[in-house]
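*Asks:* Here's the letter readout for the chains.
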Amino acid sequence: MTAAGRTTGAATTQRGVPQAGLLIGGFVLLAAIAVVSVGVGARSISPVDVVRALLDHQGTDDHVIVRDVRAPRALLAVAVGAALAVAGALIQTLARNPLAEPGVLGVTAGAGFAITLGSGLGFAAGQAGQLGCAVLGSVLAALLVATVGRRSPLRLVLTGVALTAVLTGVALGMRLMLPDVFDVYRFWSVGSLAAREQAPLVWPLTAIVVCLVGALALSRALNALTMGESVAHTLGAEVNRVRAITLVLITVLSGAATAVAGPILFVGLIVPHLVRRIAAGSVPWLVLHSMVLGPILLLVADIGSRVLLPTGEVPVAVVTAFLGGPMLIWAVRRFGEGSL
Amino acid sequence: MSVRTMPLRRSSALAGAVTLALVVTGCGSSSDGGSDKAGDARTRTFAADNGKIKIPANPKRVVATGYAVPVMIEAEAPLVGISSWKRGEPMMSKKDLATYKKLSKVAGEQAAETNYEAIAEAEPDLIVIGVPAPVLGDIDMQRLKSIAPVVAIGPTVPSAWREQSRKQADAAGALKKFDATQKAYEDKAAGLAKKYKNVLPDLKLGHIGAYGEVAKGTFQREFGGSWGTNIAEDVGATYYGKVKKPGPGSRAVSEYPSLEELPDGLAEADAITYSVNADGSVPESVKYVMDSKLWKNLSAVKAKKTFPIRYTEAATYGQAMQTLDAIDESFAPLLKS
Amino acid sequence: MTALVPLVRGRIRVQRRTIILVAVLVALMLGLGLLGLCYGASWSSPGEVFAALSGADPSVVIQDWRLPRVLAALVFGAALGVAGAIFQNLTRNPMGSPDVIGLDAGAYSGALVALTVLSGTSAQLAVGSVAGGLVVAATIYLLSFDKGFSGLRLVVIGIAVNAMVTAVNSWIVLRAELEVAIAAVGWSAGSLNGVGWDDLGIPFTVIGVLLVVLATQAHAMHQASLGDAVASSTGVRLDRLRLLMVLVGVGCTATVTAVTGPIVFVALAAPQIGRRLAGAAGVPLLPAALTGAVLLQGADLIAQMLLAPVALPVGVVSTAIGGCYLIWLLTKEVRRA
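Residue numbers (our numbering), protein chains in the order written: chain H, 1 to 340; chain X, 1 to 337; chain A, 1 to 337.
Among these hints, one or two may not hold up.
As the list claims (entries may be wrong) - From the structure, some residues in chain A lie toward chain X, with a derived Cβ separation under 10 Å:
| # | residue |
| --- | --- |
| 1 | SER42 |
| 2 | LEU115 |
| 3 | LEU125 |
| 4 | GLN217 |
| 5 | LEU307 |
| 6 | VAL310 |
| 7 | ALA311 |
As the list claims (entries may be wrong) - In silico SDA-like pairs for lysine to any residue, Cα to Cα no more than 20 Å straight-line:
| # | chain 1 | residue 1 | chain 2 | residue 2 |
| --- | --- | --- | --- | --- |
| 8 | X | LYS287 | X | PRO263 |
| 9 | X | LYS86 | H | LEU117 |
| 10 | X | LYS293 | H | ASP49 |
As the list claims (entries may be wrong) - Sample of chain X residues facing chain A (criterion: CB under 7 Å; computed from the structure):
| # | residue |
| --- | --- |
| 11 | LYS105 |
| 12 | ALA112 |
| 13 | SER159 |
| 14 | ALA160 |
Calculated directly from the structure, the hints in this document are not laboratory data. The model shown is predicted, which means the values in this text are computed figures rather than measured ones. The beta carbon of each residue, even a glycine, is placed where N, CA and C say it ideally should be.
One chain only, chain H, in its complex shape:
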């Protein structure tokens, strides 16, 4: 009885509220939150000044804050949120494991390790150096994990977890021996969207946009893949190539996001969980909805990180976990853990 009820429920979602409608609603919400995000902060600035800062920049403190601190931050939240959520959706689909998240490929640990090593050897100075180290580290780590685990989803997850543990452990050991290195790492290791307005962000953001488009283009082929390899084969999808390209996309998306914002990987785990019900088994819709919900979640968390404390900021990764944890538990209890 309950099973029958659920099926009809799912069907209504699919037909009653069209996917496209939900998506447009999501976009509107995203735009509204982005506007709020530019208007809110430790210094209170009137909405009129906010608009003026963007249109008629005078270089006063208020204008500088809006244009050089808050606006880049909101932009970053949108890009990083979309990148992480889509990377999560892709890896969950690929690994057929709802527990998978971009961190599973070892990107976070790889980036952290590279930054530790880089600053130990003295070339992680400045934001550009750190960015380079982080990208290199996450790509190498992901490459290793993907090579070992390419055949079996379970092995992919295990390898990722093991490599993450090794890199984290060795990096921790290095930091204990070289306390100066610890300082650079610590500053990076708390995932946050703040303080990145001075970093060279054009390249990572371009990479993210290109990969998001790529993910959309690839999502149909991935759809065939979820039906099983033999079905995918008969449908004409080249299983191995699709898999390889997907892994590249996941690596670049999560690597770039981690490099610019530090580790905020919980977004990649929960967003696909939350939208899976709406997407109703279609990978293209899963990717699209993730692309909208990821930024929303991260923007809300970032606003929270600015207003929660009377002075100073809460790292956004902390707020994300507080927001996302209950949402994930609710989704799992309400809809089941969700097979893929």
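Please build the complex by placing chains X and A on the supplied structure of chain H, with the hints as guidance.
*Replies:* Same frame as chain H, now just chains X and A:
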């Protein structure tokens, strides 16, 4: 019985291992772990963080850890073992650094890395632990006490290093040299205060620090009595303002506001000092502030009244002398105008 | 009929392999144990070790310092391995290990509260971490029960709870005073340093009782691992069994954490390594326990030797060794496939 020194002899006779793990001997009840059997048996009672402790009046073999390490080296206490203390290395004088490198290390940077066997082998008659009170939970005090009397004297607020270092040196019976260094510091500070008395007291100062958990998007604002400011205050500098919501310890004298609060926070400052590393390079968290346009909008910055200060983490009089030199070097342009 | 023969043969092969593996692991465990008793600030020959253990030539260092540490590494390693195997069996997912689903984070929260709110004595740390671990486990267990049990749901909810608890932890560290924060970070890297007999009486008893309880349920567990339907048809009461297993797993993890602080990854890696070495289909308990013991004891030895006389936290080394070995095993699987 005290701990025996064991001969360095290797043996690969692992064959008998099978019986080994099955034999669980009871606790050795014979150990009394006594220590004060050294020649000079006079003792005195010493008030430390861990209570009133009976210590030798004239210790001959001292083990020091944490913040006590540089203090003891400077005071020329009779050290036989120290913990590793990398964060103090850049501030040690050449002679002290050589002593530091030569002394055998009996513990790591973290209190949890204390090597009890190595401490026992050093056969100390006094152990001085220079770690904050909450960290004492990481240390097996019972075991340390079985080796020698233990006094814990740890840091509380940033500017309290003066009293703490004195107490540490006192426990080790090394006050003579300590007092000499303190006198030298105070004379030097008084001299500098005189040198700058026409310019410094009139300035309203603010300080950007680099200590502790400076998260992204925030900066450390230090007020009077903090790490970055307490030595400059001895020269006559006055830092204005106070923490919005004071907390315990260092949180009473410094805070971590968002970068957006920079314009309001330092609007009234006539001049700004900021912490830099020992080699003069600007730390990550300070660099972030200085690269921002908001910093360039500050009146003190426009007036070019910004001064880097090295060695702000000084926690001994010897180190603070270097801080004084650094302050003198940095403030020098003030006298020209 | 004939189709059954290779199946039976395969099973016998697995069993023989398991027996050999167990023998090798036990030998390795004893060998490493002896090495641990010999190694220290100065080397003792096995002859001296045996003399000390038999009481012929008592030595405080060997009996009261090294022996408890070695036994702790072996017993705690085994306990962590068992806890991991239990959860991985229960959830049928390698990610279902206690550290992934938040038990370690919960124990850390408890310890943080003891450090920041209370005064942070060893007893408070122990009670706090056990309480924290239990509260988190109960929360996860209750939340994941909804119209029957699902292993995957337990893991997902565990990960969510872990993320939240970790967030709470970083919040506490962030709000804490700096020196307390440093102490808290020190505690978060588990260590066997300074473990003595006083610390071990209760934990060993608790772990012993839990393992005996587990042994009586081993058969039922095996049935359950074959699938719910099989288990029910053979008369296993699944709900009761699950609750019992969870209690044993949580008990083992919380007890170990209370003494040493969180030692992550052993619970995840040991069952997976043991399973691959035994060539078993499920996640067998005995290989997991022995692998855990060997891994932790080996890691603890290396942690002491690597930077001697300064000791690294054992968690750093166990993670590095266990992880590398697991990756190697996985790579071998790829080549075979």
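*Asks:* Each hint should be assessed against the structure and marked as holding or not.
*Replies:* Tested hints:
no., hint, verdict
1, SER42, "holds, 4 Å"
2, LEU115, "holds, 5 Å"
3, LEU125, "holds, 6 Å"
4, GLN217, "violated, 26 Å"
5, LEU307, "holds, 7 Å"
6, VAL310, "holds, 4 Å"
7, ALA311, "holds, 5 Å"
8, X:LYS287 / X:PRO263, "holds, 16 Å"
9, X:LYS86 / H:LEU117, "holds, 18 Å"
10, X:LYS293 / H:ASP49, "holds, 18 Å"
11, LYS105, "holds, 6 Å"
12, ALA112, "holds, 5 Å"
13, SER159, "violated, 14 Å"
14, ALA160, "violated, 12 Å"
Hint check: violations occur at hints 4, 13 and 14; the rest are consistent with the structure.
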